[in-house]
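These protein sequences, in sequence, are chains P and S.
For the first sequence, position 35 (counting from the first letter as 1) is numbered 35 according to this note's numbering, and the numbering increases by one without interruption.
For the second sequence, position 108 (counting from the first letter as 1) is numbered 108 according to this note's numbering, and the numbering increases by one without interruption.
Hints are not guaranteed to be accurate.
What the hints assert, rightly or not - Under 7 Å between C-beta atoms, here's a sample of chain S residues computed to sit facing chain P:
(1) Ser33
(2) Ala38
(3) Pro61
(4) Pro70
(5) Asn71
(6) Phe106
Claimed, not checked - Sample of chain P residues with no beta-carbon within 10 Å of chain S, all distances over it, derived:
(7) Ala17
(8) Thr20
(9) Glu42
(10) Thr70
(11) His74
Bear in mind the hints are in silico, worked out from the structure with no lab data behind them.
This structure is a prediction, so every number in the text was calculated from the model and none was measured.
Every residue, glycine too, gets a C-beta built ideally from N, C-alpha and C.
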Amino acid sequence: GDSVTQMEGPVTLSEEAFLTINCTYTATGYPSLFWYVQYPGEGLQLLLKATKADDKGSNKGFEATYRKETTSFHLEKGSVQVSDSAVYFCALPRAGGTSYGKLTFGQGTILTVHP
Amino acid sequence: ETGVTQSPTHLIKTRGQQVTLRCSSQSGHNTVSWYQQALGQGPQFIFQYYREEENGRGNFPPRFSGLQFPNYSSELNVNALELDDSALYLCASSHDRSSGANVLTFGAGSRLTVL
């Protein structure tokens with residue numbers, strides 16, 4: 001079935017460092033791809049999305065490009081801030097039937113940014 | 001506009017007991033999806049409710065059941081609780097089958113501990 005794999009292990013960076021969180025997917029066809037973020041004590045919220053191959057999603061300085069050749073959707077930010085400390089999830093719609101609102105998530109990547 | 005609210009925020013049960021979790025969807029949203037997030041893992045899709053009927057289910061046994069009410073709020077019921085049911089239960093609302101239907105608004109979750 002469709003699945004998402006995120007890079008393992010927490011990521012710890014200093015403020016203003018460059019961030020990359022890897023995400024690869026397995027899917028039939030070319031589904032929309034999403035990054036959701038979970039700040040401490042809060043629910044998940046959509047960070048950015050891309051609906052077709054070669055699209056670039058962007059929001060709050062974060063970017064991710066839908067690469068069908070490498071089945072990847074890596075999250076990047078040029079200069080992280082302490083406030084970016086959170087858990088980041090890559091996701092795609094579940095396969096089969098009416099998939100709206102039904103997502104398959106990666107295992108999440110914990111980002112900690114130190115001043 | 002109000003977001004998604006869930007109750008209770010925390011609860012402790014013992015094996016074999018039953019639990020009911022509640023969710024009020026975001027204003028204007030008519031679809032509610034429930035997810036289970038085990039510690040250190042990504043959310044796993046349990047089921048979705050649309051127009052007061054179940055509209056898709058993930059790989060969860062029948063002792064996980066739900067309801068949706070005319071005001072679009074929802075309940076998740078779990079019978080015969082097992083230790084592995086300990087998790088954060090997330091409710092997410094969205095607006096039916098529009099192109100934005102995968103833009104989910106999540107609540108902060110209900111943390112269930114089964115002893």
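Regarding the assertion that His74/P does not contact chain S, is the least Cβ-Cβ distance greater than 10 Å? Its Cβ never comes within 10 Å of chain S, the nearest being 17 Å, so this holds.
Holds or violated: the hint that Ala38/S contacts chain P, with Cβ atoms closer than 7 Å. violated (10 Å)
Taking the shortest Cβ-to-Cβ distance between Ala17/P and chain S, state whether it exceeds 10 Å.
holds (24 Å)
Hinted contact Asn71/S with chain P - closest CB pair below 7 Å
violated (18 Å)
**Message:** So Thr20/P supposedly isn't at the interface. Is its beta-carbon more than 10 Å from every beta-carbon in chain S?
**Reply:** holds (19 Å)
- Task: Report holds or violated for the interface hint on Ser33/S, using the least CB-CB distance to chain P and a cut-off of 7 Å.
- Result: holds (5 Å)
Less than 7 Å between beta-carbons is the criterion; does Pro70/S satisfy it with respect to chain P?
violated (19 Å)
task: For the hint on Phe106/S, just tell me whether its beta-carbon gets within less than 7 Å of chain P.
output: It holds, given that the least Cβ distance between Phe106/S and chain P is near 3 Å, below 7 Å.
- Beyond 10 Å from chain S, beta-carbon-wise, is Glu42/P? violated (6 Å)
**Message:** Quick check for students: does the CB of Thr70/P sit more than 10 Å from each CB in chain S?
**Reply:** Fine: 21 Å to the nearest Cβ keeps Thr70/P off the interface.
*Does Pro61/S pass the interface check with chain P, least Cβ-Cβ distance below 7 Å?*
violated (18 Å)
Hints 2, 3, 4, 5 and 9, counting from the list given before, are not met by this structure.
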